[in-house]
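Chains as they are written, first to last, in the numbering used here: chain A, 1 to 309; chain B, 1 to 309; chain C, 1 to 309.
These are computed hints drawn from the structure, not numbers from a lab. Among these hints, one or two may not hold up.
Copies of the same chain look alike in the list, so a pair counts if it fits in one copy or across any two.
As the list claims (entries may be wrong) - DSBU-like mimics (lysine-lysine), calculated; alpha carbons at most 35 Å apart, straight line:
#, residue 1, residue 2
1, Lys233, Lys8
2, Lys88, Lys185
3, Lys45, Lys246
4, Lys233, Lys34
5, Lys217, Lys233
6, Lys246, Lys195
7, Lys233, Lys45
8, Lys88, Lys34
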Amino acid sequence: MVEASSFKGRDVVSMLDFNREEIDFILDKASEMKPLAERGSDLLKGRILATLFFEPSTRTRLSFEAAMHRLGGEVIGFAQPGVSSIAKGESFEDTIRTVENYADVIVVRHPEEDSAVRAARVAEIPVINAGSGPWEHPTQALLDLHTIREAKGRIDGLNIALVGDLLYGRTVHSLAFALANYDVKLYLVSPPQLKMRRDVLEKVEGRLNYVETGDLKSILPELDVLYVTRVQKERFPRPEDYEAVKDAYRIDREMLRDAREDLIVMHPLPRVTEIATDVDETPHAWYFRQVRHGLYVRMALLALVLGAL
Amino acid sequence: MVEASSFKGRDVVSMLDFNREEIDFILDKASEMKPLAERGSDLLKGRILATLFFEPSTRTRLSFEAAMHRLGGEVIGFAQPGVSSIAKGESFEDTIRTVENYADVIVVRHPEEDSAVRAARVAEIPVINAGSGPWEHPTQALLDLHTIREAKGRIDGLNIALVGDLLYGRTVHSLAFALANYDVKLYLVSPPQLKMRRDVLEKVEGRLNYVETGDLKSILPELDVLYVTRVQKERFPRPEDYEAVKDAYRIDREMLRDAREDLIVMHPLPRVTEIATDVDETPHAWYFRQVRHGLYVRMALLALVLGAL
Amino acid sequence: MVEASSFKGRDVVSMLDFNREEIDFILDKASEMKPLAERGSDLLKGRILATLFFEPSTRTRLSFEAAMHRLGGEVIGFAQPGVSSIAKGESFEDTIRTVENYADVIVVRHPEEDSAVRAARVAEIPVINAGSGPWEHPTQALLDLHTIREAKGRIDGLNIALVGDLLYGRTVHSLAFALANYDVKLYLVSPPQLKMRRDVLEKVEGRLNYVETGDLKSILPELDVLYVTRVQKERFPRPEDYEAVKDAYRIDREMLRDAREDLIVMHPLPRVTEIATDVDETPHAWYFRQVRHGLYVRMALLALVLGAL
Chain A
1 MVEASSFKGR DVVSMLDFNR EEIDFILDKA SEMKPLAERG SDLLKGRILA TLFFEPSTRT
61 RLSFEAAMHR LGGEVIGFAQ PGVSSIAKGE SFEDTIRTVE NYADVIVVRH PEEDSAVRAA
121 RVAEIPVINA GSGPWEHPTQ ALLDLHTIRE AKGRIDGLNI ALVGDLLYGR TVHSLAFALA
181 NYDVKLYLVS PPQLKMRRDV LEKVEGRLNY VETGDLKSIL PELDVLYVTR VQKERFPRPE
241 DYEAVKDAYR IDREMLRDAR EDLIVMHPLP RVTEIATDVD ETPHAWYFRQ VRHGLYVRMA
301 LLALVLGAL
Chain B
1 MVEASSFKGR DVVSMLDFNR EEIDFILDKA SEMKPLAERG SDLLKGRILA TLFFEPSTRT
61 RLSFEAAMHR LGGEVIGFAQ PGVSSIAKGE SFEDTIRTVE NYADVIVVRH PEEDSAVRAA
121 RVAEIPVINA GSGPWEHPTQ ALLDLHTIRE AKGRIDGLNI ALVGDLLYGR TVHSLAFALA
181 NYDVKLYLVS PPQLKMRRDV LEKVEGRLNY VETGDLKSIL PELDVLYVTR VQKERFPRPE
241 DYEAVKDAYR IDREMLRDAR EDLIVMHPLP RVTEIATDVD ETPHAWYFRQ VRHGLYVRMA
301 LLALVLGAL
Chain C
1 MVEASSFKGR DVVSMLDFNR EEIDFILDKA SEMKPLAERG SDLLKGRILA TLFFEPSTRT
61 RLSFEAAMHR LGGEVIGFAQ PGVSSIAKGE SFEDTIRTVE NYADVIVVRH PEEDSAVRAA
121 RVAEIPVINA GSGPWEHPTQ ALLDLHTIRE AKGRIDGLNI ALVGDLLYGR TVHSLAFALA
181 NYDVKLYLVS PPQLKMRRDV LEKVEGRLNY VETGDLKSIL PELDVLYVTR VQKERFPRPE
241 DYEAVKDAYR IDREMLRDAR EDLIVMHPLP RVTEIATDVD ETPHAWYFRQ VRHGLYVRMA
301 LLALVLGAL
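Please model the complete structure; the sequences and the hints are all you need to start from.
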């Protein structure tokens with residue numbers, strides 16, 4: 001039996017560290033946060049969150065900060081490394097050792113893949129990974145699951161496609177780890193250059209029912225969830241390679257005619273051109289509603305690791 | 001009869017959207033904020049303001065943030081676009097749609113003239129315009145009126161000069177819109193290259209008693225209010241044009257000998273050289289006191305649009 | 001007899017402005033802050049701190065912000081001048097005059113030596129110096145003393161070495177001023193190019209028992225406190241001069257074999273290579289614990305100058 005107290009003081013570094021029972025528990029707690037997200041609360045009054053963003057972010061940083069404030073807590077931190085002592089040559093570990101003296105929990109985004117692990121190793125207070133280079137983004141995976149559960153009432157039994165850049169996309173790595181705990185059929189849809197990282201698949205081998213394909217159109221009619229990610233031009237050595245694939249995965253209203261009526265389209269955002277704005281007003285569009293679920297999930301995580309539930 | 005409840009959920013995008021009765025109501029509420037600005041309050045406890053500044057600002061951003069804190073609320077946001085997902089190519093509308101999930105009210109400054117209108121159209125929560133390119137800055141106009149009313153006891157019947165860059169100066173555009181609701185004589189004093197925008201005048205034609213002139217000295221003795229703005233060098237194609245006009249509108253103590261004893265000198269700040277520092281210690285100088293009125297006005301606006309009054 | 005009320009409204013600009021009785025009083029109050037630093041308090045509820053950082057900082061800025069939040073207060077400000085109106089040519093004094101309308105206390109870091117004095121002269125609310133160019137950093141000196149007192153139970157009678165860059169290091173200037181109030185033996189250890197500033201020594205002449213030397217090894221066995229600072233490459237005109245001295249003052253575990261068992265090693269941080277990481281796990285290492293004392297001292301100072309104790 002999972003209990004709230006078992007999360008107290010815990011780091012949230014990788015989706016691989018959480019089993020199904022724990023994930024479901026977090027999602028349940030996130031749902032309970034909805035009324036507090038409306039009217040605020042004093043659950044974390046007097047507590048301080050440090051948000052250390054070594055890479056730019058709108059959504060994740062503001063989402064964590066709003067989550068902390070809705071629970072009555074306060075926030076310190078930086079939104080870019082230039083204003084910190086990193087510029088003076090301080091090591092990442094020294095920065096973490098310093099900041100943990102000022103806060104009760106640290107949220108960190110950093111371009112290096114092992115950053116969150118290293119921060120958690122050094123800090124005595126809980127560390128939450130808000131994006132570790134191209135490797136993981138576990139709180140995004142949790143909010144994705146929470147959104148799916150809200151839209152579909154369940155996760156088991158769904159046909160889910162992850163589309164776009166599966167090689168560098170940290171959100172789809174964490175989501176694949178998370179979905180390995182559920183009975184889903186997962187389609188991994190990408191151009192050949194951006195196929196799902198092999199070490200991600202190795203870690204879920206035997207636990208995840210997946211198919212790799214480059215052909216979105218043929219599987220589209222079967223899908224319950226279409227999870228789109230950005231394909232970045234700079235990932236391609238030759239511009240013509242980018243031009244060749246970018247339109248293959250561009251979702252628009254026309255294309256969605258072949259989809260199930262209750263298909264939901266998700267996206268970790270920011271979206272550039274990979275979902276046409278004509279989809280925004282359709283009932284398929286869940287990517288902006290998805291944002292709200294990030295607030296619930298992060299409220300739950302902060303309250304759990306600070307032992308307030 | 002204007003009532004506080006009629007402001008709940010409302011956007012503050014343009015001074016053209018408010019009639020005299022509404023403006024007077026906001027100014028009255030601003031005056032009531034003075035004691036709360038001293039000792040704080042819990043009026044907006046649990047509420048969150050998002051400040052989205054796509055252009056640099058000291059005054060306006062800190063003023064809104066202080067206003068929110070004095071009312072017991074919290075703040076999230078960014079002070080420059082570089083730390084946000086704009087850098088990743090996200091549209092302005094998508095950023096707004098995201099952020100409205102985290103906050104109860106949005107304050108936005110953006111270099112494009114239609115930015116605030118677009119934000120208000122997209123967001124379901126109230127949007128307050130903190131500067132829309134060279135077009136408008138309505139909360140500055142409200143604090144200007146509040147300052148005038150405090151200094152003079154009234155707005156009607158005053159002789160007011162707006163001096164400097166009336167073409168690109170967003171504060172004077174909003175102020176002209178606001179003053180069209182009052183019985184004032186308005187002098188628009190500028191070099192020919194920086195005359196008041198024609199579309200500003202068109203919108204108040206017939207409602208505003210104004211005179212355009214390049215000659216400050218001759219009208220100075222008649223003025224109750226001298227509102228100075230910065231003339232920016234970069235507005236002039238030829239440096240010599242700038243040199244020719246910049247001193248014509250430079251206010252110093254010597255020049256103010258010709259002014260009424262109770263003339264007040266105002267400035268939206270930042271001031272560079274257009275008001276000499278020897279004016280600072282005279283009773284004419286109201287530009288630093290003016291800053292304080294921004295706090296009152298923004299407290300009132302936040303409380304009104306959030307339905308807390 | 002020093003009383004809390006005598007600090008109300010006072011500026012904290014230079015360690016030279018405080019006598020021993022006052023310093024001891026502040027340190028006592030800092031010790032009383034420890035429980036509030038754990039669980040928070042409402043001592044400064046409704047009050048606002050403005051942090052104006054014209055130079056990058058992690059520790060000092062976040063430390064002040066955490067201190068304010070632990071006391072129930074709020075924070076506004078900027079972490080770099082680029083986002084403020086400085087970029088538009090506003091004078092430092094005008095920025096201070098503006099910001100004091102929004103806050104109850106100002107913390108300022110600025111590259112110019114007289115910045116804090118100038119800010120205090122202009123502002124009617126208290127100003128706390130968080131680093132005035134290469135000149136002073138008084139709150140760092142106070143946290144250093146608090147750390148020493150905690151580690152050693154006293155300050156009088158100790159042998160203390162300040163090592164590294166004593167010419168440009170603002171923390172060691174303020175610390176020398178502070179230590180002039182105590183009965184200590186002070187070793188000033190530096191390469192000849194980076195000897196203690198003459199005007200610092202002049203100000204404490206006759207009140208401070210000090211020895212200047214370039215030889216750390218020979219005095220090491222006598223020391224109770226070894227205070228290390230960063231020697232910055234850019235201070236040396238020729239790279240070979242830097243290479244020649246940087247290792248002379250590099251502290252590692254091997255070197256500390258000659259030290260007293262209860263020697264404490266301190267550093268204002270950020271540390272680059274001047275203390276090897278193999279020292280971190282020894283009982284000598286106090287530089288990370290030192291960070292925590294900054295929180296206590298800044299909580300005490302904020303509460304004192306705001307008249308809340």
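*Structure versus earlier hints - violations, ascending order*: 1, 3, 4 and 7
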